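K.L.:
The residues making up each chain are set out below.
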Amino acid sequence: MSRLRSWVSRLGGPLHGGRLDRDLADEMESHLQMHVDDNLRRGMSPDEARRRALIDLGGVEQVREACRERRGVPWLESLARDVRYALRGLRKNPGFTAVAVLTLALGIGANTAIFSLVNAVLLRPLPYEGADRIVQVWHTPPPESFPGFTRFSVSPANYLDWRAQNHVFEAMAAYGSTTFGWMDGDRPVAVTAGEVAPDLFAVLRARPLLGRTFAPDEESPGKNKVAVLGHRFWRSRLGSEPGVVGKTIRLGGESYTIVGVMPAGFGFPRWADLWTPLAWSDAERQVRGMHDYRAVARLKPGVTVAQAQAEMDSISRRLEQRYPADNKGWGALIVPLRDEMVGEVRPALLVLFAAVSLVLLIACANVASLVLARTLARRKEIALRAALGASRGRVLQQVLCENVVLALAGGALGLFLAREGVDGIVAFLGESLPRSSEVRVDARALGFTLLISVLTGLAAGLVPALRLMKVNLSEALKQGMGRTASDSGGHRTRGALVIVEVALSLVLLVGAGLMIRTLAVLRAVDPGFDPRGVLSLFLAIPATRYATPAQQIDFFDRALERVRAQPGIDSAGAVNQLPMAGRGSTQPVAIEGHAAAALSEQPEVAVRVLTPGYLRAMQIPLLRGRDVGEADVTGRPGIVLVSESMARRFWPDEDPIGRRLTLSFYPGVPREVVGVAGDVKLEGLADTQASPTLYVPLAQMPQTWMSVVVRGRPQSGDIVPAVTAAIRQVDAEQPVLEVMTLEAFMEDSLAHQRVSMLLLALFAGFAVLLAGLGIYSVLSYAVRRRAPEIGLRVALGARHSDILWMVLGHGLRLTLAGLAIGVLGALALTRLLGGLLFGVRPTDPLTFAAVSVLLCAIALLACYLPARRAMRVDPMIALRQE
Amino acid sequence: MGEKTDVWKGTLALMVLKTLDTLGPLHGYGIARRIEQTSGDRLLVNYGTLYPALIKLEQEGFISSEWGTSDHNRRAKFYTLTRAGRRHLGREARDWERATSILARFLSPGEESR
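Taken in sequence, the protein lines are chains A and B.
One gets my numbering by counting positions in the first sequence from 1 and adding 12 to each.
One gets my numbering by counting positions in the second sequence from 1 and adding 68 to each.
What the hints contain is simulated information worked out from the structure, not anything from laboratory work.
Because the structure is a prediction, the values reported are computed rather than measured.
We put the CB at the ideal spot given by N, CA and C, even for glycine.
Don't take every hint at face value.
To be verified - Below, in silico cross-link-like pairs of lysine to any residue (SDA-like), each with a Cα-Cα straight-line distance of 25 Å or less: (1) 340(A) / 599(A); (2) 86(B) / 172(B); (3) 237(A) / 214(A); (4) 86(B) / 44(A); (5) 86(B) / 40(A).
As the list claims (entries may be wrong) - Example chain A residues on the side facing chain B (calculated, C-beta under 8 Å, incomplete): (6) 69; (7) 75; (8) 78; (9) 79.
One chain only, chain A, in its complex shape (with noise of 0.2 Å):
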């Protein structure tokens, strides 16, 4: 209690401390009269009375610091004093706190930009609630029939088998997603469907905004045409409508009631404008072999994901033993949503996070730097402050003070670039950065900035202060401003900080040389098709409006018909997958005249089905046999294309020219090879090995959503607005969706490259830039420093080439130095770059080279104006200043 009371009052002790001051004086002045009295009365003479009583009250100033000390909070006051001082020195110095308050902000900027995009979707729960509870379910395939892959889409049937015996889970469901025509007015637009099971909002505990979300039977043909809107939707497409629920929407030309609307920020999965229940047909529910849904599950109280994996591993083992044909060797695979979510940036996040770290501790060093030759030409005053009786931690804390007070203005400012910094970075990201839409500078980002603000002033403040607590400061007083032996010692300090910088930025450097150099190797690889001049656009058609194969085989025949009598096109295809869209779906195969396997035992390889045209318009090369034609149709014998990979795979001595296979889910139709194609990257450019894949024409397998490809002429300008009128002639209704270049498109499968390759050029960038200003300000110093003696050389004869060497090698030393010790850090940092490069080793010497040259230029260039100062020394006024 007491002790509280004492507190209360310390704390209230500087709001008054000018009256207590005074009041204090005066007691103390009426305790000395008093044994001045006293030994007056003793009989001593009046200035001897006065003598005695002074010595023995001993010093005043010392007993009104004591009290000072005792009454306020010692600390904060001289805080707040050293706030002020500080205040004040960066006000008289305009130029250094502006360069030292951009670096420090620049430095620290970045960091919270990069945290603030870390925090979001690394660090934040994902937006449901008990995020941690949910899980997403794979299927693993049986590695020697799939080497190299480990998560597969999960099959009807076995999900329906886990959804059913699984004891660890509350709920599950399975997801995927459609594409449907949706009028606005009298315009299609592309409307994207999460297709989910009922238990999907079960699973995430989402609950509506309005209406309901689906019941349990909604998952049953026939009862499923309902729908509930995202919130995007209904806000932008129907004018947040209030009362949207129980009417109903026309999607793909049938009519779907709305029953509900999900609140904003609810997306999953994240592009869904809206969602329907995904209604399996009886027939599909007993398929396995078909993987194109995904799954997710809420782990039930207490279950771990141990626990769960243990519980699906189980269940895998009976359903193998139970459907062997289907089954042999697949598993499942648990892993929690986040790590689902943001497992595949989560390296390029982190290399980025330590990239600026790299870049805020070389802001560091430059202010370290300034700040040094900033205190040691301050040592005078320094020195007298401590003459008057400050003690060398009262020196110390007001040096850091300084800094900090420099670094919370940067901070300050960095916050303030951090935040349109982030809102830049996040739209250049788009859609390849998962929960973008989360990002933001937050609390906690306001909080990591003002962290690393204070540790920034203390690191930059903490080379000079100790440089500072080694000066012999009466010595520095006698010296005044002139040279001393422990000047020279700061400014091998503050050489070392330019290693320190070169070293750092070194680093920086190799990383994003690493980076641009696996761009350009990814963009250099040969993707087995020529994306120059090639349109793609997709086409789905609703099953509704085309519900026979012939019908939807002659919808695409029209519309490529159509297309293809444009003035300006050379030639048009569709296929059912884009290369480089992913593996797709995969079929196994029995191939005549191999022994006859199980149908598990069959390889599985890559399906696709094109039109005539496809092969040309994609500059696939056709290397033997025929193209499909016009007359490969539904009654005429059914034939295939393979690709380059799968005939050397299969017929690895003989020509596959007339061999035939079955493909396993249409037993009873062999084909019969009448082409070889060239492989193709399926997955991406970074596909290290060529996935087999086989071509069936599209009128032998009828398919309601094709990705059209459309080749132009060079000269005939934009083709886009012909080829969408095109196809509106076929069927005005008929949405055309995501049409863009292949080169875009391609262009887009790097962006996760290419963005960290930008941003780490960018850090690198301003790295080298405050390497090269650290090393500027060293040799200016340095130069300033020796103008006396530079002068005495030149009276003395030496010639303006050897005063330019004499500077241009000190800087030298230094870089070369940093080089030095910046090739073992890269060495040792760049391994962590393993995982985003591509075709390109982490100690890749080309690159190690480059960068070195190119930082050695910069370092010349930094060198070769404070030298060029030192050559016009003038002997006469150098000599003078001495």
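Please build the complex by placing chain B on the supplied structure of chain A, with the hints as guidance.
P.N.:
Chain B alone, transformed into the frame defined by chain A:
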């Protein structure tokens, strides 16, 4: 004179409180003098210690102060023991007596057996 020692750490507050308890309101000079006299001039009250101690006691609410006039007509700040101060003094004095009696037994070990 040479044998004077500084007040032992932690005891000054107790001496100040006891002095005020015995003599009533008193100024800082008077307190210092009284402590020195009571100790038979063997203790030296350092002024740099006394005033911070007075401030501390006042902050803790054990004493209060007000300006007044001394016997010799000097303006001085007088310190008075508060109720809380009196309670604190009682508590501290008991603790101190207990501590010294324990210590005394250690220092003269024959006492118990006698």
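K.L.:
For each hint, tell me whether it holds in the structure or not.
P.N.:
Each hint tested on the structure:
no. : hint            : verdict
1   : 340(A) / 599(A) : 15 Å, holds
2   : 86(B) / 172(B)  : 22 Å, holds
3   : 237(A) / 214(A) : 20 Å, holds
4   : 86(B) / 44(A)   : 24 Å, holds
5   : 86(B) / 40(A)   : 22 Å, holds
6   : 69              : 5 Å, holds
7   : 75              : 5 Å, holds
8   : 78              : 5 Å, holds
9   : 79              : 5 Å, holds
Checked against the numbered hints listed earlier, the structure breaks none of them; every hint is satisfied.
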